[in-house]
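Q: Those protein sequence lines, which keep their order, are chains C and A. One point on numbering: in my numbering, the residue at position 523 of the first sequence is 523, and numbering is uninterrupted. One point on numbering: in my numbering, the residue at position 139 of the second sequence is 139, and numbering is uninterrupted.
The reader is advised that the hints may include incorrect statements.
As the list claims (entries may be wrong) - Here are the simulated DSSO-like pairs of lysine-lysine, each with C-alpha atoms no more than 30 Å apart in a straight line:
#1 K117(A) <-> K159(A)
#2 K149(A) <-> K118(C)
#3 K159(A) <-> K362(C)
Simulated from the structure, these hints should not be mistaken for laboratory data.
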Amino acid sequence: MNQILVIAWREVTRLRKRFGGGASPLAVLVLLAVLGISAYYLRDTVSLGSGLYRVGVAGDVPLIHDSRFAVVNVNAEDGKALLEDKAIDILIDGLRVISREDDKSQFAVRALKQYMEKEELIRVGNSFAQADAFPLRVGINYLSAEQATARNDAPKPEEIIIPSITPPPAPFAQVLLTLIYIMPITFISIFFTSSFMDEKINRRLTILLSAPITPFQIIMGKMLPYATFALFTTTLIAVITKANVPLTLAIFTPTILFIFAIYLMVPLFYRTFKDTTFIAMLVTTLTTAYLIFPAMFTNVNDLSYISPLTLAVKMYRGEPFGWREYLFPSLPMAAIFGFAMFAGTRMLNEEFLMGYKPLTRKISDAIYLMMAHSKPYLAVPLWSLLVIPVVYMMQIVLLAFATNLPVGLILGATLLGSALVEEIVKTVGIVALTEHGVVKSTREIIGLSFLSALGFLIGEKILLLLSISVVSRAAVAGALFGADLLVFIPLIAHFIFTSMTTLLRAKLKFPYVLALGIGTIVHFIYNVYVLRGAF
Amino acid sequence: MIPFLAVVKKELSSVIRDRTIVISILIQLFIASFSSALLLGMLSLYDSDTVMKFSGAGIRIGVVSVSDNQLGALMIKRGLQTVSYPTLAEAQAAFYRGEVLAIVDTPQNANGLTEVKLYLPESDTVSSVIRMVIQEPLKQYENYLRTQKGIDVRYTDLKGKPATSYEFIYSVLIPMLMFFPAFVSGSMTVDSITEEVENKTLQTLLSAPLTLNGMISAKIVASVILSIVQCIAWLTLLQLNGTVIQNTGWILLLALIIAGITSTSAALGAVLLKDRERSQFIYSLMLLAAASISTLLNISPITTMSRLAIGDAYTSGWNVVVFALFLVGLYLLLSKTSRRLLV
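Kindly generate the complete structure, drawing on both the sequences and the hints.
A: Written out as structure tokens, the structure is:
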């Protein structure tokens, strides 16, 4: 523990030296102030479609103040001419709204409708008595599906709403709010990765590693100041937004760990500065998308619980959630953190960090390093089991990619993609071991393939059990992971695909990509066959 | 000139050799597809027009009816399928038989307010869909009640077409695809300048027949070339995909200028700070600040880009020239301060 603190303190001094003296702290403060002020002014004005429409205004028309509309003051005659010339999209002449038939003009009308609805509500609400301005109350009651079933729990209480001022079901605002938590964490990551890069450039890593401290202590020590800072900003934002602080911390701690885990990989793999930038960008976009995308569907799809932001959205909406809902996103994230820490301690050696090799080569080395310290018969199934959360995330990402394809191809592409990911995960460990000469004979390879398939399947089923308890109607998860709890046929199938790929690679010396391709295609055909049978 | 080109070539080939550019393209592809997937999902789940279009036929709502039922009429006008029942008990029986998905009770008068009871199934997914499609008739009914009380709500007869996809493509997707490469090229400039300093290869490089300004400019030019190639590719892909884009020439010029601005300001930061850590941090902060300031001042390149792409009548090459002037100023500043890199 002491060592960790020493390294953490060293990290703080390093940062202090970097940012001490000169103009830079001032510059940072000024920039942050500018950001704060502009965010304050922009909070209402920036919206989808900003600057797209031009509106001609003639006569007595309420002031239009919305970033989507650029207003031109005209008289009615000129306005009509401009509208005909397509110079403006709509003309508001007093109470009349004149538009053209084409799409662009009609889109503008819809945008204007949304805007005017909002403005009129404000006007009506301000100038009339409440009971007259909002004369309708809707009481929402819920009926259970079966009348006959004796209900033990009390029915949901009646919910009273006023239709015109009911917030929209889409949790845009809350998701944006939760994004504020993520922003500082990704910024901190620049410093976290730089810390390792510094050691590398100044060749101090050798000295550090020869000291009587473990790589684990080095990583923890370097992470500590940044993690503390991340927790501090989370608390700060929670206080500012008047959220429940312990609950917020509980929700975001796994997320913070997850983001740090991923950023730990960046300095370990980079070769040039540009690598760092690109890998960091990739990581940022992937994690942000992974966090935001599901949260946008809070309450409409139970699968949204794979993102912890969903929990935060629910918190901000004042809706309760249970332990299972909390563990569903948090456990995989914590697991990935644990896995990354393990991988990090294995990779933190000079030879690996300093080598300039193609990225694929580096990844293969990394996998070898993770496995080399224990018996292959233990390492291979453990690897397959532990990377399941990563596979799960990858498949969600694939699904998002696939939605861009024509509808008929979406399912096929997702299945093919997930087959590829699964095959990579199961075979890559064995292939790395054979390439380093640890595993040689055909019998060993087949044995390992079996264990790899077994480990993978166990992990998959654990995840499936976990998700069944939370996700009731997520057909997607079923399609991806095989909704049946029968184990033998999938086990044999996985075993066959895995041993096929590994044997093609190790014994027949196929290029890995080709061997993988063959395994994937067979796996894909099997998946299609299973799905056909199911429907 | 030849050493200048040699540096440009070296920068470009190192990016291609390291395959890092593949990651960058992957990121953009990912952002583009993810955001359109998001849009698709949002539309099909949250946009009542889209929900009506795809599953409106399956939503049957029971209405407990009296002779004059304005709300029921508004629901029919919206395109919802309604079934009338004389009493609430009968409607509920129909609900349990699965004939209707929800029930709307007769509006009641309560202390000057009108109360409507809505009965929804317990399933979150179904009830949120129903709440979504019934929102519009309820709002219209509310307006009707307001009129009864003598309150006139204006502009209620507007219709139009759902604009979300259109707004997304022109105000988000196109600007993002055109400016993301510019953002990356700034980061790349920071990297390639600070790497020379931190690895102490700068002096060696300057022993070649090349001035310091020449070296920095070559790095900027390389980044800009890379970004403009990506922009051309995106524009072509979008057009192949059937998206109508006007003023492609001006759009590319604007993208080029913005890439120039980001790279030059990134170089400026790198020259002053000399290490990657601070330069990247300041660069990202600067970009965020610049984006919000330009939006506040109403000269945002994002808006200009959207307007060029839709063929706005009041937006022309002159709007692009403004940014070009800014770039020239920034470059002059850089060439005056570049010597500080050697100090």
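Q: Please flag the earlier hints that this structure goes against, numbers listed from lowest up.
A: 3
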